[in-house]
Amino acid sequence: MKTKHIDEILLEHPFFEGMNSDFVRVIAGCGINKLFHAEELLAREGKTADFFYLVRQGRLAIEMHTAGRGHLILQTQSDGDIVGWSWLFPPHLWNFDVRAMETSHVIALDGKCLRQKCEIDKALGYDLMKRFSQIMVERLRAVQVQVMDLYGNGR
Amino acid sequence: MATAASLPEVFRVLSRRQETQDVFTLEIAPHLAGSEKVLRFLPGQFNMLYAFGFGDVPISISGETGQVDHWIHTIRNVGSVTNGLSRLKEGDILGVRGPFGTSWPTNQNEGEEVVIVCGGLGVVPLRPLILHLEKNRARYQTIHLIYGARSPNDLLFTSELHRWAQTFQVEVTVDHAPLGWKGQVGLVTRPLKRLQTNLQRTTAFLCGPDIMMRLASQELLERGYRADKIYLSLERSMKCGVGHCGHCQLGGHLICRNGPVFQLDQVIHEMNIKEL
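Note that the protein sequences, when read in sequence, are chains U and C.
Using our numbering, read the first sequence as starting at 4 and increasing by one per residue.
Using our numbering, read the second sequence as starting at 42 and increasing by one per residue.
Fair warning: there could be bad hints in the mix.
Stated by the list, open to error - Output of the computed footprint for chain C on chain U, the stretches with three or more beta carbons under 8 Å from beta carbons of chain C:
id	region
1	67 to 77
2	143 to 149
Stated by the list, open to error - Restraint-style ranges between C-beta atoms, simulated for each label pair:
id	chain 1	residue 1	chain 2	residue 2	range
3	C	204	U	17	24 to 34 Å
4	U	146	C	268	22 to 32 Å
5	U	48	C	151	46 to 56 Å
6	U	70	C	108	47 to 57 Å
7	U	70	C	199	25 to 35 Å
8	C	149	U	71	44 to 54 Å
9	C	311	U	28	45 to 55 Å
10	C	183	U	108	23 to 33 Å
It is worth saying that the hints were derived from the structure and are not from the lab.
Where a beta carbon is used, it is the ideal one built from N, C-alpha and C, also for glycine.
Build out the structure end to end from the sequences listed, making use of the hints.
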């Protein structure tokens with residue numbers, strides 16, 4: 004079976020849909036394939052955000068520890084989703100834990116490597132920033148609706 | 042003048058089951074001894090349940106359709122009347138008017154794909170439809186069931202969900218969950234984004250809080266699904282159940298009489314008017 008190169012995988016991923024293939028090749032240079040088993044942590048709150056993850060297959064939980072309630076799962080991300088934007092903004096620290104809920108295949112993209120490439124090629128940086136902004140808006144909207152507690156009946 | 046639609050009939054409670062912390066299910070049947078009355082209803086219809094001394098409220102019928110000898114109602118204890126209903130025990134009596142309202146269509150979408158999106162207690166009016174689809178599984182293409190709830194503890198009909206997952210594409214998502222939850226956490230619109238069905242030959246059924254239905258219907262429309270093939274069940278403060286009092290008016294519609302089930306293109310304008 005032919006092994007796919009990272010740039011081929013990225014081109015098929017919804018996050019990179021329609022992106023200039025030259026950009027995708029540059030980004031692919033910062034990526035590696037990774038496999039995480041169930042319960043394995045991909046990121047830990049407060050630690051350096053070196054990577055972000057494109058989920059190829061599996062499910063990741065974005066978690067936060069709260070006093071008295073233990074770990075809460077705030078969101079899950081699965082096939083075709085992207086996890087992590089802390090690498091983009093100083094101080095480049097994770098705001099949440101990220102845990103594999105099942106065996107998960109991801110592409111891990113090196114944030115430091117990408118930041119350097121974006122500084123050199125502003126068009127690449129702009130394209131990438133637009134895509135992340137879209138994701139951030141979607142996630143923010145989802146969180147806004149979740150905190151409205153639609154189903155909660157005021158409990 | 043009093044009519045059959047405005048006079049409650051006396052029913053008795055056959056059984057009461059606590060589903061979650063604040064949701065319970067009553068099985069009820071006509072009270073008269075020896076009564077062999079056949080009860081009929083269509084999926085999506087509701088009854089007005091009268092807790093004596095408290096008042097009456099519209100409650101969807103959650104059991105299987107067809108000719109039955111009892112009705113099943115799954116109810117959230119949320120106000121004084123539902124609190125009165127929640128105190129009923131086996132053998133107690135209550136008043137019933139109905140069934141009322143429009144229903145989920147089941148005939149014109151045979152041979153097509155089906156998408157069901159429900160949130161919170163919205164699964165209750167959809168359960169008769171789901172049971173119908175399960176019973177007549179061969180008549181439909183892929184059936185997707187997307188169910189959103191507040192937390193894993195608030196999920197209803199969990200044993201049936203496992204059964205439905207054998208024949209339907211079931212996706213359950215909650216607003217938040219403790220560690221150990223293996224399902225999804227997020228809005229029902231997330232699974233909708235990944236949906237891949239034939240846009241022209243898919244019928245969607247939505248029921249849940251207004252905002253959830255608005256977001257879900259927006260997502261479906263943006264994806265290219267047809268507004269006339271998206272059905273939703275609206276709820277407003279229904280009082281009489283028969284279109285006399287006007288409490289449930291939504292623009293030109295009286296939800297209790299013209300609804301609660303509507304095609305999206307019938308009500309999309311009114312759904313987007315904040316004052317209504």
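List of violated hint numbers, smallest to largest:
Violated hints: none at all, because every hint is consistent with the structure.
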